[in-house]
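Q: Given next are the chains, with one letter for each unit.
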Amino acid sequence: MRAAAGLLRVLVVLTLGIAGAALAQANLEINTPAVASLKASMQSRHAQLAGFYASGAVGLTRDGNIALRDANAVSLAQRQQVNSLITAENQDRAALYREIARANAKPEWEGEIRATFAQRWIEKSQPGWYYQNPSGSWVRK
Amino acid sequence: MNDRIRSLLAALTCALALGGCVTINIYFPAAAAEKAADKIIDEVWQITKGGDAAKGDKPPAATQ
Chain G
1 MRAAAGLLRV LVVLTLGIAG AALAQANLEI NTPAVASLKA SMQSRHAQLA
51 GFYASGAVGL TRDGNIALRD ANAVSLAQRQ QVNSLITAEN QDRAALYREI
101 ARANAKPEWE GEIRATFAQR WIEKSQPGWY YQNPSGSWVR K
Chain L
142 MNDRIRSLLA ALTCALALGG CVTINIYFPA AAAEKAADKI IDEVWQITKG
192 GDAAKGDKPP AATQ
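Going line by line, the protein sequences match chains G and L. Positions 1 to 141 (this note's numbering) are the ones given, in order, by the first sequence. Positions 142 to 205 (this note's numbering) are the ones given, in order, by the second sequence.
I should point out that these hints are in silico values taken from the structure, not numbers from a laboratory. Note that the structure is predicted; figures quoted are calculated from it, not measured. Don't be surprised by glycine CBs; every beta carbon is placed ideally from N, CA and C. Hints may contain errors.
[As the list claims (entries may be wrong)] With a straight-line cut-off of 25 angstroms between C-alpha atoms, the simulated DSS-like cross-links for lysine-lysine are:
| hint | chain 1 | residue 1 | chain 2 | residue 2 |
| --- | --- | --- | --- | --- |
| 1 | L | 180 | G | 39 |
| 2 | L | 190 | L | 176 |
| 3 | L | 180 | G | 106 |
| 4 | L | 190 | G | 39 |
| 5 | G | 124 | L | 176 |
| 6 | L | 176 | G | 106 |
| 7 | G | 141 | L | 180 |
| 8 | L | 190 | G | 106 |
| 9 | G | 39 | L | 176 |
| 10 | G | 39 | G | 106 |
| 11 | G | 141 | G | 124 |
| 12 | G | 124 | G | 39 |
| 13 | G | 124 | L | 180 |
| 14 | L | 176 | G | 141 |
| 15 | L | 180 | L | 190 |
| 16 | L | 190 | G | 141 |
[Claimed, not checked] To give an idea of the interface, some chain L residues facing chain G are shown, with a C-beta separation under 7 angstroms as derived from the structure:
| hint | residue |
| --- | --- |
| 17 | 173 |
| 18 | 174 |
| 19 | 175 |
| 20 | 178 |
| 21 | 185 |
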């Protein structure tokens, strides 16, 4: 009788534990101050980048970054500006992927988080923007 | 005898449950990651939730 009660208790504890683990898996932690400030920085930069995406000068790479796709689509005067925008954006993106992995105590997930983002950036991009397909060539959406 | 079987059963349950936990934690939660990515991208690109997604509401002018 006592053994049965003990077994029951063990089962209840385990069930709760598993439910907890499953719940924790349902969402990734993205509500950290670092993520918030990276989002804000990228959001304000996007106002400057949007025109370059639309003109095809800048495209979304297959590895979750952005890159200069067609330098001829950028006037000489804007070359330096677009290059520093790209550098800054890629720095923020790298920091974002790293921070999400860190916030979930799984630094080893950084690569997979980056890969997930790479797909989602492309999926959510606007028609007319350029992205890299899995073999690395540029495709107009 | 009965008690021994019960404790064996309990041990087995524990082993199975622990195995389950390990499995859950090793694999990358792809669906959760996609959800998180979508949420962040929507904010960064200011994509409105209602209806036509891919249309960002920021006009792409500004720089030209």
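Q: Under the constraints set out in the numbered hints, which ones does this structure not fulfil?
A: Checked against the structure, the only hint that fails is number 8, while the rest are satisfied.
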